[in-house]
Amino acid sequence: MSSRGGKQKKGNVTSEQEEEEQPLQAVLVADSFNRRFFPISKDQPRALLPLGNVAMIDYTLEFLTSTGVQETFVFCCWMSNKIKDHLLKSKWCRPTSPNVVHIITSDLYRSLGDVLRDVDAKNLVRNDFILVYGDVVSNIDVSQALQEHRHRRKVDKNISVMTMVFKESSPGHKTRCEEDDVIVAMDSKSKRVLHYQKTQGLKKLQFPMNIFQHGSDEFEIRHDLLDCHISICSPQVAELFTDNFDYQTRNDFVRGILVNEEILGNQIHLYVTQDGYGARVSNLQMYDSVSLDMVRRWVYPLTPEANFTDQQGQGCTHSRHNVYRGAEVSLGHGSQMEENVLIGRDTSIGANCHISNSVIGNNCTIGDNVVLDRAHMWNNVHVSSNVEIHQSVVCDGAVVKEAVRLNKQCVLAYNVVIGPNLSLPEGTVVSMHHPEEEEEDDDDEFLSDDQEVGHSKDKTRQKAFNPAEVGPEGKGYIWKASMNDTEDEELAQCLWGLVLNPDPESDSESEASEESQDRSRSVSPEIDDVNAFQLEVLGTLQRGLEENIVCDNLVLEINSLKYAYNITLKEVMQILTRVVLEYPFQQQGTQLTTLQYTGSLLPLLKTWSPVFKNYIKRAQDHLDCLSAVEELFLEQDTHQTAMVKVLMKMYQLEILEEEAILKWFSTGATNDKSRQLRKNQGVRLGQICVWGKPSQNVKGYQFGHCGSLILLLQKETTLLIFSDGVQRKQTPCSQCHKKESCGMV
Amino acid sequence: MELQAVLMAAGGGSRMMDLTYNTPKPLLPVGNKPLIWYPLNLLERVGFEEVIVITTKEVQKMISTDPKVKLDVKMKLDLVCIQEDADMGTADALRHIQQKVKTDVLVVSCDLITDAALHEVVDLFRAHNATLSMLMSKAHEFTETVPGQKGKKKTGEQRDFVGVDGTGKRLLFMANEADLDEGVVIRKSIMRKHPRMHIKTGLVDAHLYCLKKSVVDFLADNKSISSIRGELVPYLVRKQFSKSTNSPKVIDETHQNLKKNDSNISSRDEELLHLTQERSCWNDHRGDMSDAYHGGRLRCYVHIMDEGICYRVNTLAAYIEANRLAPKLFDEPAVHPSAVVSERCLIGADSIIGASCQISDKTSIKRSTIGVSTTVREKVKVTNSIIMHGVTIEEGCNIQGSVICSNAVIGRGADIKYCLVGSAQRIEPDAEVNITYHYKSITYNNCHKVSK
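Those protein sequences? They're chains D and P, same order as listed.
If you read the first sequence in full-length UniProt numbering, its first letter stands for residue 1, the second for the next number, and so on.
If you read the second sequence in full-length UniProt numbering, its first letter stands for residue 1, the second for the next number, and so on.
In isolation and in its complexed conformation, chain P is listed as follows:
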């Protein structure tokens, strides 16, 4: 076993609370499949047979009991639950399962939807005997209008600055705009080793990492690091260029760990590898006569996708976008065989109808997803919308650009545009709702009504 897969599925989805209020993020339906299915499927496609899934009790319970969230994977899932309220970061979670980690790990986030060729990332990891290799992608513009938002949302988020070398693979620099008050500061010695540095700002981190086992051990020793993306990765990137080989003074725990490990299993391999590197005339750079990698033993690499789908479903906008694109990722009939669809209705090819749905006459469904056990009555128009499970839509409704959460009931003749209707909500008949949130069943109706 070369790599162990670890799936991080304990996140609360804090950036899309409206959706995750009733459904935990890993189980949100995307294209009528739970979100967690996508990374699992990605791993299964490349041949993993076992995955460690770090998740919460709630999710575990729902996976085992709820028939609607059928995972439909053949891999062996090793579910590890962590406490929800402990506020554990991804690095904390990795530390939590340190005992289970026997080899290098591939860490994936549960909200990743991608068609990336995973072997690209792993190959970088293998070829350079890297400490870390990760996946990034060019950022996508979200085209769809997001419910509850008037106009385009300004990209107030701060950019990540990612510096790669001339080949575009070696990761040299990483910082968030927020931390760069004094501008981008780069040591000259780095520039001397890598005289061409590309600084890219329009990238999304896919949160997919290959990490050496020693890094996991390092985490176990360093309890202060709690997030992989926020702390561990920047630390590793920075440590690449600190003096590591000659001076014992520099606290380079990772290497101490490497040495520790060497004595256990892989010492012979490491030595051999080292010898090969020494004897080989191969070099990763040109222009000077120093050793390959300039003698550095900590190396970080990144694979940047130029094209293809790569989304992290962590905002509402991303969720809608993912739903629109999800059908392209798998070949399944758009209309589930168990759905009862009337002959006299119009269903676009870009729509998905879930299992045991009932779609009545004179209904038109375009560019939309209809969840499991949803009932759609006569003369309903659904465009650009996501309807989750168990929703009932009464006669003559018009739903456009909206998200309707599970078990909601839309009253007769309602006109809903760019709205988010929360779980088990009831929309009164003939209501006309525009650009509003309808959620939280406690406050029954905080909608903003406009009567004609």
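Okay, chain D solo, but in the shape it has when bound:
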């Protein structure tokens, strides 16, 4: 131990000297490893999407350079050629650049984990490095955080492996998106992260007790942090990723380190900045807010007019209300640029336009009487007259024809044509890629193909555009995120991401029920199991119906559930009966009339009769099933008249035996209510059985709408039995006096 300590010390001394000399390194991951920006990112990698008319990766590189990074490794995977081309043309690859950019491409990267494992394999980093994504926009000066990080590592002998950079912003801040919301528990004094959790979809936040056992007596739980996705990592981070091949994302890593803190002794710290700006463009919601923040100069000195990418013709002028104009912009008579507007070079705008909070790219033409609010237009967009665009993204080369209205959160991907005279509903995404084409892409790993397989296929199999969707002259398909890919959760989420809506109401509403739940749970925890089982059975049956699963398989599933929840056979039967009988209410609401109820229930009974038969075998089973039926109809007392039909059906389907029904009827009246039920139903039940026994007498039966039972007797006569037990032959129903409505034959 001592020798090792000495060795370490020695190593420290040398590394201290080296630290001064060694350049600060950064790992920039220019791939998101998800499809959040599909279909836009089908044509252009996310890092190259323009934000304020500058590719996002340029912001990240500028941030790294200004914070003192001298060597950056850019890792690309999806469309790596495009990123490479972009970077080679940019100022970062000029010989004068203070930040040496190495581009490393591989088709094999599937996650951040793969990238860092490669960093370790190639032994690229020798010292603390900064880890960022290619879509981070920031002006934070991380040198202080870096200093703190180095200090901690010196004092604590390399225990701290990572310092995460956060920006303080209260909940409800518009650059916070629900998806990325985190809650962090930290040690107030040492700034050590004790617990890190994404809060999306959570109502209660749980902190395990062991995080409070670290000797300190003051902890802080913070929900006012915006994760900038900038981390200062020690070289060990790459090694740790290699050691733990299941770490895919930074989230995995952080959670893994925190959970295994006691075993591995690694710690994570955080650095909170109050006045810097840092955000990751993780979905269009964020794109919208970050873009506007940029125009509003929150990311100073990275402002549109600064032209930090140092490219010819990118310069623009800045006038009050944050209006920026590029070179050669023409503005028609009566057009107003209210505030926060950025217009790229060679763009012409027609007369009487109204533009606010928008970014317009280069070489765009905009017609007359156009209203733009929070519109993000990229390059070469053509907008005709009388168009209205609200909070939408219009990609390169798109054409918006006359009198089109884009409602909130629309996306027009590359080269789409829309209109004329069309209003796109909120959240419409139009793309030149057919949604089905994507499924084909799935077969050949989508992440690795930068060959754009889609294009060739598109040509061979051109499908007609739907004029109802994109307008008479439109070109493009409505894009629907495919839901079949269950392993990729991100896909199910929409392009825009979830909006952070502060609705404490819904939260507190549950409070009362929560408490009552707590109470019931504490009284009898087993009830919960039964409830859960009931829900599972319901789900199974539902799925069975939707996917047409054979009853045998349903039985298998229910059997396995039975063991999982430790449910007795008797309970299985009762719950099954209950679930089936309640199924129409479950699906169509409780306001069903009795007629509707029986109408939807009886076919179900028929479908599932094999399931019932599997469970109802012994005489006792029959009785149990009957008592479950009885119990349900006692609760649903408005539908009691349906009971007899249900029993009849079950009898017909040979689920229930006649003896059992008779036995149930003659015994077992336990309380007033069930006695009442029997009295009401009894007459009719009795009749069923009467009908059942001397069946040679009866040809068929039918129900009158007032609940009467109509028996078709052999000799072409009809016997009407009313709920009060009165029998009449061939007489219309006494309650409605209408022959037809009683359904008499």
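Be aware that a few hints might be false.
[Claimed, not checked] 30 Å max Cα-Cα, derived DSS-like pairs, lysine-lysine:
#1 P/Lys188 to D/Lys198
#2 D/Lys174 to P/Lys169
#3 P/Lys76 to P/Lys102
#4 D/Lys613 to D/Lys649
#5 D/Lys204 to P/Lys188
#6 D/Lys203 to P/Lys239
#7 D/Lys122 to D/Lys157
Don't read these hints as lab results, they were simulated from the structure.
Given chain D, put chain P in place with the hints provided.
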């Protein structure tokens, strides 16, 4: 009258039975004053003129008869006796005196010794129109060795988790470690309202509470709550964030009571206050546009003392510590004028000698308290000890780090180290006792003797 003071002095002192076996806890001498004097003095200093003292018959009798427990306060004491055997909690006691409560109350425990600025707590109560405001302090490490304990006692007690907001004043969360099997669970809506929560564990509750009158009325309606600290305070803290204003369904008795009260006296004030709050641009939080306090009407605050003395004398260790610190709290001569102290003895400046003591020659007393009417003979050494009233210490004794209860007699030449000698005990001459309890006169001598 803005606040009524209520002093809880009926506790049995169950955590220091050795001391309270003969003397009820409120009357234990600390720095030669009964313990109850300290909270009373605290209240008197800030200008209270009347105090409701909830206590037992025994204490009441002793206060009125025993000259040794002179309370020496000018305030009017309204002694309310409760039955000792009824096992009443603090909330029960408060319910008991509900009739006497006319305004908001300040509840103090009789075992609190503090130099806290009481106005801090009351100001929080006033400024935020709070339902509850309380006093807490950083926990102190007890440095003295406790009689009868070898080595340091392990802090087996479970910690309290107290959550306060960014300003450190608003009380958001409170739970004992014992109840947190599933970890600390906090609703997200609370975090959204108060995005920064400090969780502190090293705090002692001073058991000093300002409570709205409506809370006392609420207690009267809810008989199930029996302890203020154990049940009422956690309940109020929790209720802050349940839906209170909009939904009549939620059983928020406190607010129903508030409304009841509104109709009586304070309705106009309340309305005015509400209006002021609405019209004012003041807000207690930033980051969103919702009303001050997010529209919540139940608010709990805490004042956390960073420095100063704050002890609750409820264990032996705390009792010894309090005795050591008590002299700093009041300016009285260390040696009572009526004590007869020989010229040729050594008394440290950090010691207190009570009234009518007799201290003989060649005696040395350091860092100790000597009670009323105690006789100390020649050549006695007393260090770090507490000697209560009426004790007789014979010649040549050596007493170190011990507590000697009232009317004990220490035989000639005894050597007592880190011992607790019970009331009216007799220690034999030349006994040498180490780290033992000597108490309960029934079992005369259960000490562990070590003879040379």
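Structure-based check of all given hints:
1. P/Lys188 to D/Lys198: holds, 12 Å
2. D/Lys174 to P/Lys169: Within the cut-off at roughly 28 Å; holds.
3. P/Lys76 to P/Lys102: Distance ~17 Å between P/Lys76 and P/Lys102 Cα, so the pair holds.
4. D/Lys613 to D/Lys649: Roughly 13 Å between the alpha carbons, so the hint for D/Lys613 and D/Lys649 holds.
5. D/Lys204 to P/Lys188: Holds, at about 5 Å.
6. D/Lys203 to P/Lys239: holds, 17 Å
7. D/Lys122 to D/Lys157: holds, 25 Å
Checked against the numbered hints above, the structure breaks none of them.
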